[in-house]
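We have chain A; now place chains B and C onto it with these hints.
Residue numbers (this note's numbering), protein chains in the order written: chain A, 119 to 257; chain B, 119 to 257; chain C, 119 to 257.
Bear in mind the hints are in silico, worked out from the structure with no lab data behind them.
Simulated DEER-style distance windows between Cβ atoms:
no.: 1; chain 1: B; residue 1: 151; chain 2: C; residue 2: 192; range: 46 to 54 Å
no.: 2; chain 1: C; residue 1: 175; chain 2: A; residue 2: 175; range: 34 to 42 Å
no.: 3; chain 1: B; residue 1: 190; chain 2: C; residue 2: 186; range: 17 to 25 Å
Here are the simulated PhoX-like pairs of lysine-lysine, each with C-alpha atoms no more than 25 Å apart in a straight line:
no.: 4; chain 1: B; residue 1: 191; chain 2: A; residue 2: 191
no.: 5; chain 1: B; residue 1: 227; chain 2: B; residue 2: 149
no.: 6; chain 1: A; residue 1: 191; chain 2: C; residue 2: 187
no.: 7; chain 1: A; residue 1: 187; chain 2: C; residue 2: 191
no.: 8; chain 1: C; residue 1: 227; chain 2: A; residue 2: 149
By construction, the Cβ of each residue, glycine as well, lies at the ideal position given by its N, Cα and C atoms.
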Amino acid sequence: MGVFHDEITIHTEGETDIVDITSDIQKTVNKSNLTEGIACIFISGSTGAITTIEYEPGLMRDLPRALEKIAPKNIHYDHHETWHDDNGHSHVRASLMGPSLTVPIRDGKVVHGTWQQIVFVELDTRPRTRNILVQIVGE
Amino acid sequence: MGVFHDEITIHTEGETDIVDITSDIQKTVNKSNLTEGIACIFISGSTGAITTIEYEPGLMRDLPRALEKIAPKNIHYDHHETWHDDNGHSHVRASLMGPSLTVPIRDGKVVHGTWQQIVFVELDTRPRTRNILVQIVGE
Amino acid sequence: MGVFHDEITIHTEGETDIVDITSDIQKTVNKSNLTEGIACIFISGSTGAITTIEYEPGLMRDLPRALEKIAPKNIHYDHHETWHDDNGHSHVRASLMGPSLTVPIRDGKVVHGTWQQIVFVELDTRPRTRNILVQIVGE
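This is chain A alone, in the form it adopts within the complex (with noise of 0.2 Å):
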C-alpha cells in the first residue's frame, strides 16, 4: 500500500472552457506503479470545478448553458461588493459542482466509461492556468 501524487498543469481559455485531463491522469497512475485503489482528482481555487462529460462539441455549448441558467452571469452578487469583482457567479457554480472528484483505479487504468471523460471546468471569467492535483492512494 502506498500512496502517490502529482500535479497536472493546464492553460484554461477563459469562462466555461472544459478541458478534457483524463489521459494526464492516466499518465499519473502510470508513474505511481499503483495498479488497485482510488485518486482524489482535486482543484485548489474556489473558481473551477472537476466533473465527467461526454467529450463532444455539443455538451461543450450545453453545460455553460445550463450553468447560465442555474447562476447567471448578469444578475447581482453581493460577493462583487466585497472585492469589486465580476465573478460572484463563478464561485457560485464552483461550489454547487465541487472541486473534487474520485475515481477507482483497477489493473492499472483509471475507470471512466468509451464516451465519458475527466475534465476540469474552468468557471472564472479569464483564462487562468491550474494546478489540478491528483492523489493516488492503493497499491
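Below, chains B and C without anything else, positioned relative to chain A:
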C-alpha cells in the same frame, strides 16, 4: 491495509428512476473483510449519478422535478446535433450531479444517516442495465 | 499506511447557514499523524452538504440565493405529504450538492486554496447540531 473492488449490477426503469443501493454496498463491504476505510462508488457512463437522499416516495418525484427545472428535457441541446440523440439534458444533469460518491466505512459499516440512503439516479431516457463500481481502501 | 477517523460537532443557525470547518479538519489531520493521503469529509443526514467556497460575507448570501432558484422553498414538494414536513427543498438541494467531499492531504496539510475554505452548508429549515465525519486514509 488493502484494496477491495466489486461491481453492483442494477436494472433501471428509465428516466429519473432512483435506485436504493445502500444494502448492496453494505454487502460489498462485508465481502471485503475491511472494517475501517473509505468506499468510492462510481458509475462508469455519462448519463447517471450517485448521491444520497431520504428514500421515500415523495422525494422520488421532487428530485426529478428539480432536475427538469435545472436542465429541461424539451429545450435545444447541441448534443442532439452531434449524435442525432435525444438525451442532451441527461448528460448535462449527470455532469452537474457527478458520477461518484465517497463514504466512510467504520466498524464494518457503510456510514449513512437513518433517513439517508445511497442511490443511483438514472438520467438517461430509457431503461438501462448499470454496473456500479465499488472500490474500498482500508484495513 | 493507516486509517484515522474523527468527528467534528458544529451547531448551525438554521437554513443556509454556511460554516467554515477548514481548521477543524486540519486539527483532525494533525491528530491522525498521517501526512500523505486523502480525507473523506461526510455528513450523515440528508439535509446538509459539504463543499468549498471563498468564505466571505457576499458569497454567504449569493449561494443561498442560487439554491433558492434551483429548488425554491415555497413551491409544492410531495415530500411534505409523506411526513407533513416543510423541508422538501432542503432534501432536494442536499441531493444535488452531495453529502461528501474528498480532499488530498500533503505534508500533513489539508490541501485547499488561499481563498477556498471547506464548508458545511446547513440546508434544513432549523438550527441543527451536526456531526461531520472525517475519515483519513494514508501514511
